[in-house]
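Undergrad: Could you build the full structure based on these sequences and the hints that come with them?
Chains as they are written, first to last, in the numbering used here: chain A, 87 to 202; chain B, 420 to 534.
In case anyone wonders, no lab produced these hints; they're calculated from the structure. From a predicted model like this one, the values you see are computed outputs, not experimental measurements. Careful, some of the hints might be misleading.
Rough simulated footprint, nothing fancy, chain A against chain B, three-plus residues with beta-carbon under 8 angstroms [what the hints assert, rightly or not]:
| no. | stretch |
| --- | --- |
| 1 | 436–445 |
| 2 | 464–476 |
| 3 | 527–534 |
Residues of chain A clear of chain B, computed beta-carbon distances all greater than 10 angstroms [what the hints assert, rightly or not]:
| no. | residue |
| --- | --- |
| 4 | THR106 |
| 5 | GLU112 |
| 6 | VAL132 |
| 7 | ASN144 |
| 8 | ARG149 |
| 9 | THR164 |
| 10 | ASP172 |
| 11 | LEU190 |
List of simulated lysine to aspartate or glutamate pairs, DMTMM-like, C-alpha gap at most 25 angstroms [to be verified]:
| no. | chain 1 | residue 1 | chain 2 | residue 2 |
| --- | --- | --- | --- | --- |
| 12 | A | LYS156 | A | ASP104 |
| 13 | A | LYS124 | B | GLU521 |
| 14 | B | LYS476 | A | GLU142 |
| 15 | B | LYS476 | A | GLU130 |
| 16 | A | LYS156 | A | GLU142 |
| 17 | B | LYS432 | A | GLU130 |
Glycine is no exception: its CB is placed at the ideal position from the N, C-alpha and C atoms.
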Amino acid sequence: AQKVTQAQTEISVVEKEDVTLDCVYETRDTTYYLFWYKQPPSGELVFLIRRNSFDEQNEISGRYSWNFQKSTSSFNFTITASQVVDSAVYFCALSRGDFGNEKLTFGTGTRLTIIP
Amino acid sequence: KAGVTQTPRYLIKTRGQQVTLSCSPISGHRSVSWYQQTPGQGLQFLFEYFSETQRNKGNFPGRFSGRQFSNSRSEMNVSTLELGDSALYLCASSTYTAGGQETQYFGPGTRLLVL
Numbered sequence: 087a088q089k090v091t092q093a094q095t096e097i098s099v100v101e102k103e104d105v106t107l108d109c110v111y112e113t114r115d116t117t118y119y120l121f122w123y124k125q126p127p128s129g130e131l132v133f134l135i136r137r138n139s140f141d142e143q144n145e146i147s148g149r150y151s152w153n154f155q156k157s158t159s160s161f162n163f164t165i166t167a168s169q170v171v172d173s174a175v176y177f178c179a180l181s182r183g184d185f186g187n188e189k190l191t192f193g194t195g196t197r198l199t200i201i202p
Numbered sequence: 420k421a422g423v424t425q426t427p428r429y430l431i432k433t434r435g436q437q438v439t440l441s442c443s444p445i446s447g448h449r450s451v452s453w454y455q456q457t458p459g460q461g462l463q464f465l466f467e468y469f470s471e472t473q474r475n476k477g478n479f480p481g482r483f484s485g486r487q488f489s490n491s492r493s494e495m496n497v498s499t500l501e502l503g504d505s506a507l508y509l510c511a512s513s514t515y516t517a518g519g520q521e522t523q524y525f526g527p528g529t530r531l532l533v534l
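TA: This is how it looks when you write it as structure tokens:
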């Protein structure tokens with residue numbers, strides 16, 4: 087069975103601080119995909135990143151960066167120089183890699199509040 | 420390209436009624452997945468449709484059903500509504516390439532309140 091753990095329920099930081107959201111996953115599959123989604127108050131899940139299990143390169147996109155470490159089964163997300171618009175609930179998710187079985191298993195989410 | 424659209428956005432029903440939610444995927448996407456989001460259970464997978472066939476189903480009672488049409492639009496139906504069915508229902512669409520299923524893109528959701 088697959089499982090995603092986001093131990094941080096809520097985080098508050100002052101604007102312009104850096105913040106890291108943790109994600110730990112469990113799977114027996116050798117091929118799998120990891121995702122991060124952002125959910126603003128409007129409710130829509132906004133896709134941020136998708137990473138397959140064979141690509142452990144860290145990725146940076148503007149103020150966002152992701153650190154994928156298979157050795158610790160972690161896929162952490164860092165926001166640099168946070169802004170008020172980053173306030174949202176962030177979900178880490180996992181899917182299997184086999185065709186026809188790509189449902190997303192989500193973590194419980196981390197509510198991030200950026201204080202102006 | 421237009422995103423995933425869901426109708427209606429808000430819905431109020433009473434216990435025992437049934438409800439149908441609609442989802443139109445991104446143009447060209449043939450896979451539609453449905454998820455239920457509640458404060459207690461979080462985000463849970465309901466089912467996935469691909470080319471009008473249900474390919475995967477989550478752990479929900481038979482009161483929850485769905486279908487997909489030839490234009491890839493999907494509907495989800497919940498019969499005999501219970502208070503616990505109050506939730507945000509999210510639809511996601513994706514496409515397939517040689518590498519498998521691509522990213523799932525979500526719609527704005529339908530917020531269902533059962534009284």
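Undergrad: The structure should be examined with respect to each hint, and the outcome stated for every one.
TA: Okay, the hints, checked on the actual structure:
Under the rule that three or more residues need a Cβ within less than 8 angstroms of chain A, the assignment of the stretch 436–445 of chain B is violated, with 0 such residues. Figure legend: the stretch 464–476 of chain B, annotated as covered by chain A; annotation consistent (5 residues with Cβ-Cβ distances under 8 angstroms, at least 3 required). With 3 residues having a beta carbon nearer than 8 angstroms to a beta carbon of chain A, the stretch 527–534 of chain B meets the requirement of three or more and the stated coverage holds. With a closest Cβ-Cβ approach of about 21 angstroms to chain B, A:THR106 is found to remain outside the 10 angstroms limit, as its non-interface label requires.
Separation of A:GLU112 from chain B is adequate, the least Cβ-Cβ distance of about 16 angstroms exceeding the 10 angstroms criterion. Not every C-beta of chain B lies more than 10 angstroms from that of A:VAL132, the closest at about 8 angstroms, which undercuts listing it as non-interface. Under the 10 angstroms C-beta cut-off, the non-interface status given to A:ASN144 relative to chain B holds; the minimum distance is some 19 angstroms. A cut-off of 10 angstroms between C-beta atoms confirms that A:ARG149 is not in contact with chain B; the least separation is 21 angstroms.
Residue-level check passed: A:THR164 sits 21 angstroms from the nearest beta carbon of chain B, beyond 10 angstroms. With a minimum CB-CB distance of about 19 angstroms to chain B, A:ASP172 clears the 10 angstroms threshold, and the non-interface call stands. Non-interface status of A:LEU190 relative to chain B is broken: a Cβ of that chain comes within 10 angstroms, the nearest being about 6 angstroms off. With a C-alpha separation of about 24 angstroms, the suggested pair A:LYS156 and A:ASP104 falls inside the 25 angstroms cut-off, and the hint holds.
Taking the CA atoms of A:LYS124 and B:GLU521, the gap is near 18 angstroms; set against the 25 angstroms cutoff, the hint holds. The hinted pair formed by B:LYS476 and A:GLU142 fails the criterion: a straight-line CA distance of about 30 angstroms is larger than 25 angstroms. Proximity of B:LYS476 to A:GLU130 is assessed by CA-CA distance (about 22 angstroms); at most 25 angstroms being required, the pair is judged to hold. Pair hint A:LYS156 plus A:GLU142 holds up; C-alpha atoms about 7 angstroms apart against a cutoff of 25 angstroms.
In summary, the hint linking B:LYS432 to A:GLU130 is supported, as the alpha carbons are separated by about 22 angstroms, within the 25 angstroms threshold.
In this structure, the hints that do not hold are numbers 1, 6, 11 and 14, in rising order.
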